[in-house]
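Engineer: Please put together the full structure from these sequences, using the hints given.
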Amino acid sequence: MTAEAVRADELRETIARQFGRSLHIRTLDTGSCAVCEQEIRLLAAPHYDLTRLGFFFTPAPRHADLLLVTGPMIRAFEVAARKTYDAMPGPKVVVATGACALGGVYPADPFTHGTVGAVLPVDVWIPGCPPSPLALLHGLGVAVGRLAEKVRDRSFTAADYPERTRGDS
Amino acid sequence: MTAVEPRAVPGEVTTFQVASPDLEAVVRDLANLRLADMFAANGDTTTLRMVWANDGEAPGYVITETPIDDGEYPALSGIAPAAFVEECEIYEQFGIRPVGDKPLNRMMLPPRDALPPDAALPTLGRQPAAEPQEVRAPHTVGGHAFEFPFGPVRQAGTESLYYGLVTSGEEVVDLYLFTWHKHRGLEWRLQGRTPREALFHVERAEGLSAVALGWAFAAAAEAATGTRPPAEAERTRAVALELERLYNHAAAMAALCQSTGLTVGQSAAEIALERMLRLNAQALGHRYLFGVVGVGGVGRAPDADVIRRELPGAYGEFRRAADALLDTNSFVDRLEATGIVTTDQARALGLVGPVARASGLAADARTVPGGPYDGHPPAIPARTAGDVLARFAVMLAEAAESVRLIGEFLGAGAAAGVTELPETAGAGLGWAESPRGEALAWLALDSEGRITRARLRPGSARNWRGFDDACRSQNVFTDIPIIEASFWLTAAGMAR
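If you're matching them up, the sequences are chains A and B in order.
Reminder that position 37 of the first sequence reads as 37 in the numbering used here, one-by-one numbering, no gaps.
Count along the second sequence starting at 1, add 1000, and that's the number in the numbering used here.
These are computed hints drawn from the structure, not numbers from a lab.
Be aware that one or more of the hints could be misleading.
As the list claims (entries may be wrong) - Computed list of chain B residues with no C-beta within reach of chain A, every gap over 10 Å:
| id | residue |
| --- | --- |
| 1 | Ala1120 |
| 2 | Gln1133 |
| 3 | Ala1156 |
What the hints assert, rightly or not - Pair by pair, the computed Cβ-Cβ distance ranges are:
| id | chain 1 | residue 1 | chain 2 | residue 2 | range |
| --- | --- | --- | --- | --- | --- |
| 4 | B | Arg1136 | A | Lys83 | 18 to 24 Å |
| 5 | A | Gly90 | B | Glu1131 | 21 to 27 Å |
| 6 | B | Glu1171 | A | Lys83 | 47 to 53 Å |
| 7 | A | Pro46 | B | Asp1044 | 56 to 62 Å |
C-beta atoms are modelled at their ideal positions from N, C-alpha and C, and glycine is treated no differently.
Structural biologist: Spelled out as structure tokens, the structure:
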């Protein structure tokens, strides 16, 4: 194994380990009834305290590793949802949260896509109307595993960004 | 389609037919009542309905019905400023407008450029002749102010909402908000369904008021068909409604602490909130009390033992947090004189709930006779300062009253029970006092018992229109989250 490959392995391990300790969550409401948001806020409350597990909420998509999406994806919100997702650095995971986001409340019709999966690449689905904070914590744990897989799949070279040509910032 | 014959339940709802030319004079005559809602419905002709609430000695509702033949009706928002938002909504949905050329703003439906060019959103009536006016602040006011766009994606764990914040740097000069990102077309969606099918979506119109809005909607269906739920089922609704008020006020207290940067107070309020939510789940099967209210009654009986065992402890946590906060001068000072809504503003805009009660208007839908509160009248706390502190004080007093009422209703006997609705045509109005104020629902059923028009008006749909006045009153940026927490509204309820 070349020295370069060993260093890449170490980097992968480090990042996988670090994501386990410090994972930043951006929440996104695409048309919820406000109850999923209440449960998400309670994740930070003393009974659940997600920071003890290394999760943090961030107000900036640029700092986010995980997008926690509620609501049935209103069509008029699609632009804002895509912009938020695109602003996040990779590797990133999308967690669809609650019955609306999963497609159990609204059909695909002129107002809504009916599911978050119609617009964003969903990695983890958390069912419930609303999902309780414990269900959310479980889903976040699964999402960390998905994120670690995505980190392992990376080469940490320009090959990770086929869409970018040399010279781009 | 069958013609709709509204039934007026004596002492509660009185319906008047008013011809379009007489409407202006009637609205002037009704100026001592509160304009609670205004909406249109299509039948053989488009009918404009105004719902007036009598908050005085004999609480009840008056509905005026006005057929609109020529696409125009008398301009009312000059006389009743509370009508403007609804004038805009009706224009968007039915294409009819008040006489004159007053611009009507965009409300529910997104602007064209937010959707693909070929997208067509259904409306309840015919499309308006021209697009509604886009709300945009001038980029300078007096050469100084500019618009600071904020949203729709906001901080963690909050709903999507867009603020157009007009400022000269620090002071809030003006503020407007968009919620069309969250419009789910609920009133359109409910058409053609039975009330029982529709209730699922009604509860999810504003999940934090699921009991109140569900109750208002179920009561509208019951009024339309002339049924009355069993008394013990109505008491179960009342228990659920008060539990909803308790957890919402705890959540509002947590939000007030968060917005003022008091982490310890926030944690204390959240401990109370979580205990109340767990109590809800244990006693009635759902943390947010979804599925408790049914059409014609309730499907579940509350577990009275659980409530009697758990509520004192949960409310004790709430009270402990509240007392500690009231002893914290830096917290109280931050709330005082922040976000003032004057009595005149509250009256003119037809505000409801704790916001109105903190501004000196002691109205409460629970005082309307004919429901489970008849033998258990709630004390209605009111303040006059109209600031954030007054709203917080009203919420604390209401929470204490809720605990007392829950005990009374459990003592009187709260159980499950449903009166089946006959399949008959009719129309009716329903109401319930949600934690954020009076929730109203009106619906019309055809002879097969399917909805031809459902109108949902959660408290949020009313109170957001007072939010900009509260923010303008000599406030700065950092006051806005505090004012928002004290209003404790949802974007979902506004957008529907």
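Engineer: It remains to establish, for every hint, whether it holds in the given structure.
Structural biologist: Tested hints:
Not every CB of chain A lies more than 10 Å from the CB of Ala1120/B, the least distance being 7 Å, so the non-interface label is violated. With a least CB separation of 18 Å from chain A, Gln1133/B remains clear of the 10 Å interface cut-off, as annotated. Chain A draws Ala1156/B into its interface by the beta-carbon criterion, the shortest separation being 3 Å against a cut-off of 10 Å. Judged by the Cβ atoms, the range 18 to 24 Å given for Arg1136/B and Lys83/A holds: they are separated by roughly 20 Å.
Hint check: Gly90/A to Glu1131/B, Cβ distance near 39 Å, so the stated range 21 to 27 Å is violated. As the Cβ distance of Glu1171/B to Lys83/A is approximately 30 Å, the hint placing it in 47 to 53 Å is violated. Distance hint check: the CB atoms of Pro46/A and Asp1044/B are about 59 Å apart, consistent with the given range 56 to 62 Å.
Against the hints set out earlier in the document, violations occur for numbers 1, 3, 5, 6.
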